[in-house]
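Enquirer: Residue strings, one per chain:
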Amino acid sequence: MKPFFLDHIWMIPLLPAAGALIQLLFGRRLSNRAVSIVSVGLPVVSFIWAVCCFPELLAQPNHVFTKTVYTWLPAGTFHLSNGSLGQLSVNAGFLLDPLSAIWLLVVTGVGLLIHIYSIGYMGHEGGYYRFFGYMNLFMFSMLILVLADNYLMMFTGWEGVGLCSYLLIGFYFQRQSAADAGKKAFIVNRIGDAGFLLGVMLMVVTFGTPDFQQVTAAARSGSFAVGDGVITAICILLFVGATGKSAQIPLYVWLPDAMEGPTPVSALIHAATMVTAGVYMVARSNALYILAPRALEIVAVIGAATAIWAASIGLVQTDIKRVLAYSTVSQLGYMFLACGVGAFAAGVFHVMTHAFFKALLFLGAGSVIHALSGEQDMRKMGALRKKIPITFATLFIATLAISGIPGFAGFFSKDEILGQAFMSPYGSRVLWTIGWITAGMTAFYMFRLLFLTFFGESRVDPEAAHHVHESPSSMLSVLVVLAALSVVGGYVNWPIKNLGHFLEPVFDNSAALKGAESSQSLELGLMGLSVLIALAGLTWAWAKYVKQHAVPPPAGAPVNPVYQVVLNKYYVDELYDGLFVNRVKDIGNLSSAFDQAVVDGGVNGVGWVTRASATVSRWWDQWVVDGLVNVLGFGLKLLSYPVRVIQSGMFATYAFFIVLGVFFFMAYYLLHH
Amino acid sequence: MIPPEYYVYLAAGLFTVGVIGVLTRRNVIVILMSVELILNAVNINLVAFSQWFQSVNGQVFAIFVITDAAAEAAIGLGLMIALFRNKETVNADEIDLLKW
Amino acid sequence: MIEQVGFFILAALALVSAILVITRRNAVHSAIWLMVTLASVSGLYLMMHAEFLFAVQVILYVGGIMVLFLFVIMLVNLDVAVQQSRFERHWALAIAASVLVAAEFGFALYQGYHGHGLALAPSGSAPLTEGNTQAVGTALYQTYMLPVEIASILLLVAMVGAVIMAKKNVE
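Residue numbers (the working numbering), protein chains in the order written: chain A, 1 to 673; chain B, 1 to 100; chain C, 1 to 171.
Quick caveat, the hints were computed from the structure, so don't treat them as lab data.
Values in this document were obtained by computation on a predicted structure and should not be read as measured data.
Below, a list of computed lysine-lysine pairs in the DSSO-like style, where the Cα atoms sit at most 30 Å apart: (1) 380(A) - 544(A); (2) 386(A) - 547(A); (3) 87(B) - 168(C); (4) 569(A) - 547(A); (5) 544(A) - 569(A); (6) 87(B) - 167(C).
Okay, chain A solo, but in the shape it has when bound:
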């Protein structure tokens, strides 16, 4: 029986694309209600379609389904790096296997929830249709990314989500900071994309194809030695792209600034979906990474370093969304740490759970901000527990989840990662330690956020305090659903590793990927340590912010130097500014000066030369040419003067000359005789 939904899998990205097209072409004339119906209704259909594809996929052999829609680039023959002839043909095709299926469900599901939330949240904003148009466009791009069957098509989606990120971050473009943040996101992403593209080119030259299945098969065929230099280079270059898109060191700087965008954007793009694209790509390329242990090492180290770095900054932030942004960077570090130690399935698992609770956290924060009429500074919050109880409850659940408290989703995925970091042959104790400390920091700053916002005395502005109200049900219902997922989401992989088994065909290889099955006691021990430090973080936060009623210092207050450095994000942005941004601006200025002086000067010079030569021509014409003519005339006049004078017209003169002639004739005659 032909799988209907799978065969028409291209409908899934097409529906949001249609929505985007409608909004961006006609949206202006549509009422908010119409916009909502179109732009939320289409993702609903997409989600249902995706859900229907799932059982059909399970019916497929090996749980793999491909469909090529058309040949995009029939590029022709060229030489591969190993000398043989390759035929490059890039297709526009779809691949649905366990890896992309998980992403598909997360993207369509969580995406749909956030769209529903946005109806309430953005209802009073201007540009309603524009928002939903961009959101739909994002959905389309993201779905292309996860459903693509080759690197180039994935790159198309990759670029598309980057574009939508820029558009949505700069949604409030009238604000200079928002416009700048959009530009920053796009440019930093671009740097990563350059690496990604170089990696893909190298891959094409080595393998002769960018197709996922073919590359994976070639990598696993044994024709490449482990530690092969070219493969390592490819992996590192691809990872550069991942650091850009998934905000790892050194290209994470755009994510905190991206909080300028509306909160649903932060939830969808910068928590649940777009930033995970890097993880998806690394997981998809697992066959290559396994061949390059050095590259894996780099992935793990950067993942761990990013996790602890971002967590440290998050400890002292005062803007509620900033804390969540750094938290996202940190959690993404965890995911890369997982991939880096070979535990790709664990990384994917964490992606899924993180999508649930991070989206919930952002949307909940959005609910708080909405309740406080736009206030985002936690120093101006407090004692909101009773006033917005449902928001509080859902955020509480999310905080428990992210902190790794047992029973909630985050616990299972984070624990798996930490366990693998310790036990895997690619892992190390150092990596585990870093991850463990970060877990503690995570628990601390998340509960700090919770306590500052909902507990203690109210520090809310009197103006805003009057209007504190719970969010509309369209928003709250989404929060509740996500909270439920944050609780039960972890149980897909515990006690039975359903998810892990499901992903096996994708990650099959050495035993390391399945995760070394070491002693149960070690596992329990590590688990216990994780819980311990999480509880420690929680307790400390409680002590400080509830018992002691501590409040972060106001802006500009004198603080100790270490605090100052961390508060200013270790001055990384300033460093980049000085090192790169200003240098690029200098090049621009140089070019401008060159253009003005040399190029314009050249042009002006040519003009001057033309004028000068014209002057010379004129002089020549005036003095030489005209002069010659005048001299000629003058000479003729001179020569003709005697002749003219003689011709007086008076015959007396003529007679005189006759007489004179006679005289001369006679003289001659006489002299000769």
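Go by the hints and put chains B and C onto chain A.
Expert: Chains B and C in isolation, oriented as in the chain A frame:
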């Protein structure tokens, strides 16, 4: 018998006077008269030598000269009249049409 | 003796009157003096035993041509010319040239007189037996028949030309 040299000298003198008259005077009629003087000088010369050589040729020549002089005077005066009708003057200076 | 005196008188008369011809302000005076010159020249002819020529000179020249001159002078109103300057601007130059030519004449004659000399026929040539007129007539109508005819045509042409030129343009 008077040697012909005397006559030749006389003729030369008359000739010179006639030439001076042609070149000097403004009045066209007087110029024409001076031309007659020249012709007469020539005639004297001719006749003198005709007499010396006892030949009649010279005199015949002189007759022809006179004939010629008459024709010329007639034409010249006719020209004068025509000229005077157009230019109302007989001043040689003012008749400067013989040029380009 | 008488011959020489007569010659000198006539010669002087001729020269003087010639000079007067060219120097008179009034054209009529010039004409009169020309008549005198022509008359003296005719006298010279007579002295040279050229009776026919003498007659022709008097009749034609003095009687015809000079009268013609006088008529034309009368026709042409010369009142204005009387007030104007007689001589050309460059009269000195003209006189100089003429004197030069005259000097040349003198030189030639002098040379001829003392040098090569004129081929002097024997002065004792027998005078012509027939009369001058007869001799001239005979020469004209026998030896110089053609020139006579040509001269007559010339006169005809002159006559026609003069008539045409002097004729008033009939519009």
